[in-house]
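Number of protein chains: 2
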Amino acid sequence: MQPRPRVVIVGAGFAGVFALRELAGAACDVLIIDRGNAHAFLPLLYQVATSAVESEHIAAPVRGIIRNMGPRAANLDFCMAEVRGVDFDQRLVLAEGQDGVSLSLPYDYLLLAPGSVTNTFGVPGADEHAFSLKTLEEAVRLRNHILRCFEAAAWTPDEDARQHRLCFVVVGGGPTGVELAGAMAELMAGALARDFPRLGLASPCVTLLEAGDGLLPGFPEGLRVYARRKLEALGVDVRLGAAVARVTPGGALLTDGGAHLAATVVWTAGVKGEPVAARLGLAVAANGQALARATLQSEAHPEVFLAGDICRAEHQGRPLPMFAPPAIQEGRHAAQGILRLLRGREPAAFRYRDKGMMATIGKKAAVVRLGRVSFTGLAAWLLWLAVHLAYLIGFRNRLFVLANWAVDYFWSERCVRLISRRNPLA
Amino acid sequence: MQPRPRVVIVGAGFAGVFALRELAGAACDVLIIDRGNAHAFLPLLYQVATSAVESEHIAAPVRGIIRNMGPRAANLDFCMAEVRGVDFDQRLVLAEGQDGVSLSLPYDYLLLAPGSVTNTFGVPGADEHAFSLKTLEEAVRLRNHILRCFEAAAWTPDEDARQHRLCFVVVGGGPTGVELAGAMAELMAGALARDFPRLGLASPCVTLLEAGDGLLPGFPEGLRVYARRKLEALGVDVRLGAAVARVTPGGALLTDGGAHLAATVVWTAGVKGEPVAARLGLAVAANGQALARATLQSEAHPEVFLAGDICRAEHQGRPLPMFAPPAIQEGRHAAQGILRLLRGREPAAFRYRDKGMMATIGKKAAVVRLGRVSFTGLAAWLLWLAVHLAYLIGFRNRLFVLANWAVDYFWSERCVRLISRRNPLA
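So the sequences go chain by chain: V and F.
All residue numbers for the first sequence refer to this note's numbering, where the first residue is 959 and numbers rise by one.
All residue numbers for the second sequence refer to this note's numbering, where the first residue is 959 and numbers rise by one.
Treat the hints as calculated values from the structure; they're not laboratory data.
It cannot be assumed that every hint is accurate.
Per the computed footprint, the stretches of chain F lying under chain V, defined by three or more beta-carbons under 8 Å from a beta-carbon of chain V, are [claimed, not checked]:
no., region
1, 992-1000
2, 1037-1051
3, 1056-1063
4, 1108-1120
Which residues of chain V face chain F? A few of them, derived with a C-beta cut under 8 Å, are [stated by the list, open to error]:
no., residue
5, A1017
6, G1022
7, C1037
8, G1055
9, L1105
10, R1106
11, E1109
12, D1153
13, F1358
14, V1365
15, C1373
16, R1375
17, I1377
18, S1378
19, R1379
In this text, a Cβ means the ideal position worked out from N, Cα and C, and glycines have one as well.
Construct all of the structure, not just a fragment, from the sequences and the given hints.
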């Protein structure tokens, strides 16, 4: 009897998890590797950062995902480890497991889906002084910091110093920046205004800096205008054409000489492919994405597939954005390519099915493009809720997130206002 | 017009929060200080450590507690700061606020309720190598560690090394140790056995070490025997007369020469009063508790009250244990003492109303003494659930904890199996 072919998936994000589901029950052994033990639903990180949902509610342990697939998932296994390298000749993934143990994990087919990291484009000070929002830990860190700024401001008698602590700058007018700025404004006008009645309602300010000439690049014009108008109605100071030249502990300095003083600068202005692609020697684009064939196979190693933010895939001649829908479709397609190779067939070319795009601004305010149809307002917001709940993994997570949203909707309350303290040994 | 008298409460545990509630609407300004921003429901820490509930669900932000009291709480305020000292002559609490700012907070009456810390009684290695369970952060740290031990064991080919990672020792047979050991055994036999089908059901082991001749000292004999029998039925290896001489990275060594090899040792064998009492120059007992008059006033400073774990209070000639019910009653009584002084009357002596004691062992198994009546089993367990839900602060927290318990009850599932990664900047 021949040994079963081995598939290794690196990364338990959208691409990795949807590939994993595609491979459940197939005639191969599948191992998925991630440095954490859970799939994190990154589109809701901004809600963790703004005290709306628990980080645990947007995380699904990978072993639980496998278990919930039932008996047909018997060919799937998980390894919590940090990938250190790939020996493409010997077909081995080299990883560091718990307690620093070295693991050498053989594969016949490899799917690389390690995701992306924040891209500060070399702006001085951004790495050191700006908050980022790409991981659960960063989201909790930002939540802690926002709440701590208010606790500090409450006991700062000096007016200027107090105002500085209550000024928040979000850099980047893409979906993450728009959603975060809106959620911060609502948090501060709602729950935090009630928590800090002596600070005065007018004090906190949220500024959104976008270098381009409009918010939500890539969205239809009408939606971009609506998003700006709604954010401004929430009290967000939206600045277009505002390119950040430097981030300091005191705020953000612009290329035009302007300055936005703030104790908090959040950088959402860019992402780039996980540096692991370049480290592995794969050919990468300027934004760190690895180049792939139309089939999502690596050019140099056809037994290696790429999917998700790490993968340079195109749609109508333009690179796909690093959003969840392309990652999901690429992950599924790469898995199907592996299944075709297992059956002695050739992988097919990847074609992105553009279902649309969406972003939420605040309560009852969202923008949606569905195919060629665009709409805004309550209907868009309800669709946004439904889609995000549907893609959130785990019944309990959906129930708890929905309950938190209901509390937020009916009482403008943000429940998770806990400052978790430093946990150096965690 | 005379300035209103100022009351400062140090610590937002049970004693501090119940005192705060007693003082809402009174003719004084009340400031409560805590190093965190939330009241933590410590009796459920063991459930955080065993993946049953989120740490956020057993925490209630102090500002939210004040806000939920409505308009009569207008005389209450909160300060998130670390108390560094008290100037008893000038009647000032000296504290370090956010960003290291020095605060000097005047009081006319002071209530000290800073709680307790783990007491390792000088056992070598216990501080360095044993886990503790006195704060939300420590509970999350233990959860992470338990889950990581399983992830490591899954990729440890050596049989002895794997078994070592799957052995867990709990030191101390009081309520915390009993509840933790039972919850760990259920976690491992339920959710983790299903998460790690390849490890084999029989592998993990939980050992409970108690130096005395029985579990749950202070409980009626019948309940102590029941607790031991139930724990053993869950697979916990209960060792009585097992005094720990040393904790090493490899396990716990006993005074009789025995050794329990384990990658995890949790120390629940003792608590002592917060060291701040001794630092402030108050007269303290050997266990760090500050001595108080029968009225809970400090002997040297009658305008200073003591309540909760920091306070040496007696009942029927014996010191009260450092549990929640005495803390709640002492906090209320100290607040009433302050109110009496405000009205020119003398504080009354504290009398503990012994309603009973309870501890849970596992699903449908708990021990309860209500006055002179003792019972066990399902009825005790349901009463334990009801009492803990009732004292948990916040409607949302109660709802979510109850939902988690229901999932645990019906499906033996533990939902919060997330390993939160190191967050050095949190």
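We went through each hint and held it up to the structure:
Counting residues of the region 992-1000 of chain F whose beta-carbon sits less than 8 Å from any beta-carbon of chain V gives 4, enough to reach three: the coverage restraint holds. Requiring three or more residues with a Cβ within less than 8 Å of a Cβ of chain V, the coverage given for the region 1037-1051 of chain F holds, as 3 such residues are present. A stretch counts as covered by a chain when three or more of its residues have a beta carbon under 8 Å from one of that chain; for the region 1056-1063 of chain F and chain V the count is 4, and the coverage holds. Proximity of the region 1108-1120 of chain F to chain V, defined as three or more residues with a beta carbon under 8 Å from a beta carbon of that chain, is established by the 5 residues found.
Proximity of V/A1017 to chain F holds as hinted, the smallest CB-CB distance being about 5 Å (cut-off 8 Å). Satisfaction of the interface hint for V/G1022 is found here, the shortest Cβ-Cβ separation to chain F being roughly 7 Å, below the 8 Å cut-off. The restraint placing V/C1037 at the interface with chain F holds, with a minimum CB-CB distance near 6 Å, inside the 8 Å limit. Annotation: interface hint on V/G1055 holds; nearest CB of chain F at approximately 5 Å, less than 8 Å.
With its C-beta approaching chain F no nearer than about 6 Å, V/L1105 sits inside the 8 Å limit, and its interface hint holds. Because the smallest distance between the Cβ of V/R1106 and any Cβ of chain F comes to about 6 Å, under 8 Å, the interface hint for this residue holds. At its closest, the beta carbon of V/E1109 sits 4 Å from a beta carbon of chain F; the interface hint therefore holds under the 8 Å criterion. Given the 8 Å rule on beta carbons, the hint for V/D1153 holds: about 4 Å separates it from the nearest Cβ of chain F.
A distance limit of 8 Å between C-beta atoms decides the matter here; for V/F1358 the minimum to chain F is near 6 Å, and the interface restraint holds. Of the supplied interface hints, the one on V/V1365 holds, with its beta-carbon coming within about 6 Å of a beta-carbon of chain F, less than 8 Å. Because the closest C-beta pair between V/C1373 and chain F is about 5 Å apart, less than 8 Å, the hint holds. Here the hint on V/R1375 is kept, as its CB sits about 4 Å from the closest CB of chain F, short of 8 Å.
For V/I1377, the suggested interface contact is upheld, since its CB lies about 4 Å from the closest CB of chain F, less than 8 Å. The closest approach between the C-beta of V/S1378 and any C-beta of chain F is roughly 6 Å, which is under the 8 Å cut-off, so the hint is satisfied. Hint status for V/R1379: holds, given a least beta-carbon distance of 5 Å to chain F, under 8 Å.
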